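Number of protein chains: 4
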Amino acid sequence: MKNKINTRKLITVLLTLNSVIITETTAQAPHSHKHDIEFPNIPGFKTLKGDFHQHTVFSDGQVWPTIRVEEALREGLDAISITDHLEYQPHKRDIPHPDRNRGYQIAKKKAKGKDLIVINGAEITKKVMPPGHLNAIFLKDANKLLNDDALSQCRAAKKQDAFVFWNHPSWVRQRKDGVATLTPMHRQLIDEGLLHGIEIASESEYSEEAFQIAIDNNLTLIGSSDIHHLIAWKYHEKEGGHRPITLIFAKEKTSEAMKEALLNQRTAVYFNNTLIGNSEYLVPLVKQSLRVTKTEIVKAHGTKNSFVQAVTFKNESDVDYILENTSKFSLQSHTPIFTIKANSTMKINVKTLELLNTFDLKFTVLNALVAPKKYAEITIKIIR
Amino acid sequence: MKNKINTRKLITVLLTLNSVIITETTAQAPHSHKHDIEFPNIPGFKTLKGDFHQHTVFSDGQVWPTIRVEEALREGLDAISITDHLEYQPHKRDIPHPDRNRGYQIAKKKAKGKDLIVINGAEITKKVMPPGHLNAIFLKDANKLLNDDALSQCRAAKKQDAFVFWNHPSWVRQRKDGVATLTPMHRQLIDEGLLHGIEIASESEYSEEAFQIAIDNNLTLIGSSDIHHLIAWKYHEKEGGHRPITLIFAKEKTSEAMKEALLNQRTAVYFNNTLIGNSEYLVPLVKQSLRVTKTEIVKAHGTKNSFVQAVTFKNESDVDYILENTSKFSLQSHTPIFTIKANSTMKINVKTLELLNTFDLKFTVLNALVAPKKYAEITIKIIR
Amino acid sequence: MKNKINTRKLITVLLTLNSVIITETTAQAPHSHKHDIEFPNIPGFKTLKGDFHQHTVFSDGQVWPTIRVEEALREGLDAISITDHLEYQPHKRDIPHPDRNRGYQIAKKKAKGKDLIVINGAEITKKVMPPGHLNAIFLKDANKLLNDDALSQCRAAKKQDAFVFWNHPSWVRQRKDGVATLTPMHRQLIDEGLLHGIEIASESEYSEEAFQIAIDNNLTLIGSSDIHHLIAWKYHEKEGGHRPITLIFAKEKTSEAMKEALLNQRTAVYFNNTLIGNSEYLVPLVKQSLRVTKTEIVKAHGTKNSFVQAVTFKNESDVDYILENTSKFSLQSHTPIFTIKANSTMKINVKTLELLNTFDLKFTVLNALVAPKKYAEITIKIIR
Amino acid sequence: MKNKINTRKLITVLLTLNSVIITETTAQAPHSHKHDIEFPNIPGFKTLKGDFHQHTVFSDGQVWPTIRVEEALREGLDAISITDHLEYQPHKRDIPHPDRNRGYQIAKKKAKGKDLIVINGAEITKKVMPPGHLNAIFLKDANKLLNDDALSQCRAAKKQDAFVFWNHPSWVRQRKDGVATLTPMHRQLIDEGLLHGIEIASESEYSEEAFQIAIDNNLTLIGSSDIHHLIAWKYHEKEGGHRPITLIFAKEKTSEAMKEALLNQRTAVYFNNTLIGNSEYLVPLVKQSLRVTKTEIVKAHGTKNSFVQAVTFKNESDVDYILENTSKFSLQSHTPIFTIKANSTMKINVKTLELLNTFDLKFTVLNALVAPKKYAEITIKIIR
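These protein sequence lines are chains A, B, C and D, in that order. The opening residue of the first sequence carries number 1 in our numbering; numbering runs sequentially from there. The opening residue of the second sequence carries number 1 in our numbering; numbering runs sequentially from there. The opening residue of the third sequence carries number 1 in our numbering; numbering runs sequentially from there. The opening residue of the fourth sequence carries number 1 in our numbering; numbering runs sequentially from there.
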């Protein structure tokens, strides 16, 4: 509350003939201004945070690509892609001949020396569904996708070994009922190996039908902001909101390892305080987030020890976990369903009915979806 | 953030022979310092907020009774009772002959002219269970309960038309396993009409066994702080915590109406962000808290309207409601289980699949218990 | 703390041949997200808040002009100008033929129907001082200033009845010692009526030499952000920071009235929690900000009234005023120098030594500069 | 952000014949709930924080002495004294025969094992001025001061080697004009070595006349809360307020060292965001609080270095320092008078006019009073 920090810009000035070239490099914002999204790694994998659907002035976005880099750095993301519309160029009066790699190039340069992976991307933008909008990322040259035919575009992406995902399949502009539906064309794209993932959360929307399509077709789960103006404004950072992101469980923090993870469906989605993904990754992610830091018997002075044990949990993630106790023991400190707030510590008293040296706590994590309407179940062994 | 308010004390000075009598009356704290607990009324009843289990220096508490009045005013409570231990007087070296009505008298005087009902009470304090500790409130003269025998004490309370409830029946000091159990003695108290209520939430403890005992025996549900030092410290007001309270659904805000409601089981308990009570009162309470302020069709410009409807809810309570969507429609904006934060507004997009002029939204309220492990179900009719 | 608000975008979609034209209109952010800058009007004039020095992608800024409009609306500004560099076009690879009016045109369109005045502007950008950088605002056609010679440019501006001010005259890039110095060329511009104002606060810099130059030459005082990336990041809104702005004392809220005020030196600057300006406007501004809402005699119960009077002030501005008591009375509640926080209420006890029905309080406002190192003196008549 | 921490009470239960003795020991509040007052040590001395004027139920206070200990621990105080009125016992109906050492004894026991020094004290309470109210601390037996005659009481205090100070000498109840005035009786007390200190800040009042009396008579400066109900409520902790305290510059943190410091006038007062004291201690205290952590030349890219140096200050105290730049250099980043917020970092750009390897910054600290209306002057040597 008391930190008023006076920052200074570093001004880079280059001379030209009769005018001054000024490049402003803003000093990295101090920590208090950041709103880091925090998740622990899981056994065997690093948990990387990515947002692979973002716009800039190079299509219908409202910022220069450098802003996207700064936003990502402030939130501690590990990877971004600038994915401007290939076919939709509303700023073309001012930006008449856009090289479709420019967003990437400018962002990449801005991120130089920073711990942020920037990958090249583009949005294939068709006015009708199918196929609607598709994002191709890990592109080598986005311009080669400039083509009226979506199928050809996807094949061009495949030639570049791109990872392609289906954007907002439930968007009411293209699906009046907001229900994602797999069409024969999408079926074909999948069968040809041209479509690898699907946005189950995009901007402010979650689609449980899309989630089911992903499960049924072995598509990678993607969550994206589809941001056009500013992340802070849209997701109300001040109030604790966050953009949708994809969590990628990668062997290391490199572009290649991330692509390998994406191609092998090792992702989860973090949307509106909810985790969505395969239980294979979600269960360890939640368990790593909720560490037991202490166990102790609740003592009643003047008597022998009680049969109630206090277990202290530390939530090391950014999620307010909504838990339902499904252990065989009831709790003394909480009703069966309760919330452990993000980045906080909470003591839970368990009525074990006898003096136990070890016992299991079981919780259903009501905001960790492993399938539509199906929740992650975690078991935590407590040892006194 | 910018409110630094300089308050002044009003000093009341009375003269005595050779010394000064000073009575300090602190000006009511400005609103920003308060942490009001907010709940709406329900049809037919006012929703009163009471804490009927509190201690002062007149037994083992650490404050003069006036502090309990100020705490209640700051939180916007409607009623309190000071219920010092009858048999336990650890401060007797300094307060040797305590009139058991003194806590009440001092608090009552402090509350004069304020919108707070103070009722006389006392805690019958037995070292063994049964009966353990019992609170008798609405007493006329607490001293008449000074007696070694609990049964006699309860009968003396009945003579004064008191309302008696069983305190912390799951307290590990008296129940090693923390499991509330109805004993023959409690059975007798109930049968004789001497015991009317039971704490199902006390201090930091919830007892689902006590909740079941209440249901099985038609006992009034009570939630209390059992505070000994300060509410703000114990319940971490700064972090948004709150003391357990009893919500009383009374015909009007008077002591008599409140007693009538208590004797007729018209209460609910607010504990640790959870409501607990009979669905007859809990369902309207939650529904009054979650008002629909707007419904609109989600539009996609350039096309006809969509089949998705946005419904705006305003949560006018102090509870962060954890909802599970059980409607026949899925949501576009949220996964099935989500939280509507206290005193906030949230828009929920519903996929009605066709253009409906009216439809029902159904939610299970996962932090509104109507029986152990059973949750309030609410249906909200949406009219476009 | 509890406001998590779920906003929705309104999507405007227009069809083109084989692609989709999407225009995103973000719903106006709810009030809690805004960081309004608040100042009262003064007798005879409206107090308008303007920032007339801002950059976009049309020179070396990092945002599309629409973002500048939204930033201004969130802060409650009354007027802005987009003033991209005429001669410095680092984005010209992507924006090759920029019409110098485009920033204005786009911002103007975005502000349509909003309570924000957008005026056309441009920055004359010379690599050497003199003249350094100059802003011309209220332009009709910025392209007509495209010219290598600064003097010619200023004359072209004059032909359009522009208001011209000297930017950051103390910028170390052009003044190694950071000391603003009036050169013969600036002298000439003033004499020819081509230069009307001077930035005494720009970005994170204040120049007391520039302030003196303004006084000596009857130049209008200007404070500007010179923003290139985002206001929220640079000025740490979360911590209560603010961008430098010009306060314009105008007869009404119109572009014409604002220009008339600027041409007649009716401005003040709000920089880093400090007001800077002519005492003719600063004194009434501070006095309107610090309203007396109550006066009362401090009473000592049981005795006659005291000779101490409590005066309650309400600071209705965004400035934390640092006051020095220069009244003939000393204070009982404060040491001579103290702060009245922005938008707060404070009671000040004055030792008047006898029972007065009326008396004067005098303060030097230590963060209201009326000349270099000279502070506003205010007298407030207190009537009981 | 700091979320909801579920704390548990530790219940200490002792058995008696037919009732339960319960002593509640609340677990030390976690750090986020504390509002530590922070000041650095100065060369040669530890800076101890004490509040030597506090009330409990043993006179007209509203809390048991244990609460005073917990309040002090939460604020990180080093020393407290409970100083109940000797002659004023409004609770005597309930506490009929108070041993005047009881407040001390109970507080001392509560503080056992904690890093808090509790010293015995009492308030000599006369209805008229002189002598008004006097606090005697470091008493061995407060009961020996029970006596109608103030002079005799002071002599009894001296026999116990007590430190005696004059309370709120400007209190309007006893000084209608609020002006502290040295009477012959006080003169006599000082001459006899019976009066050693004076409250220049008490509760919400500062007295510059008392400050002058202290200087003229070599009395120790004292600042006290004179708290009767709760510190958090009175001083609005949530808004960043604080109680008045005495800073004691002691050779070590012991009762004896503290007394030695008090008897040798090595104190300062912290009142309402202002430091008041002898410049001998205040100047090093402020200098220790405002550490230079970095100095660097402000660079303008593409040119040689500038003549502007950026100096980063870290304010390691709880005071928002109001500084006036009195260096021979003007600042580029600030107007001459500005605030460095408590516990924050700020960069100040200095226009040194040439490239200096070392130079002096001089500030008048406008909220550090070394005499009435006279302020601490600090000089900070900057070395590049």
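The set of hints was computed from the structure by calculation and includes no laboratory data. Some hints here could point you the wrong way.
Copies of the same chain are indistinguishable here, so a pair counts whether it falls within one copy or spans any two.
Under the rule of at most 20 Å between Cα atoms (straight-line distance), these lysine to aspartate or glutamate pairs were calculated in the EDC-like manner [said to hold, decoys possible]:
#1 K109 / D94
#2 K341 / E324
#3 K176 / E354
#4 K341 / D318
#5 K374 / E324
A quick note: this is a predicted structure, and the numbers were derived from the prediction, not measured.
Cross-check of the supplied hints:
1. K109 / D94: Classified as between; 15 Å across copies, 22 Å inside a copy.
2. K341 / E324: For K341 and E324, the Cα distance is within 20 Å both inside one copy (14 Å) and across copies (19 Å).
3. K176 / E354: Between copies, since 9 Å is at most 20 Å while 58 Å is not.
4. K341 / D318: So K341 and D318 pass the 20 Å test inside a copy (8 Å) and across (17 Å) alike.
5. K374 / E324: both (13 Å within a copy, 12 Å between copies)
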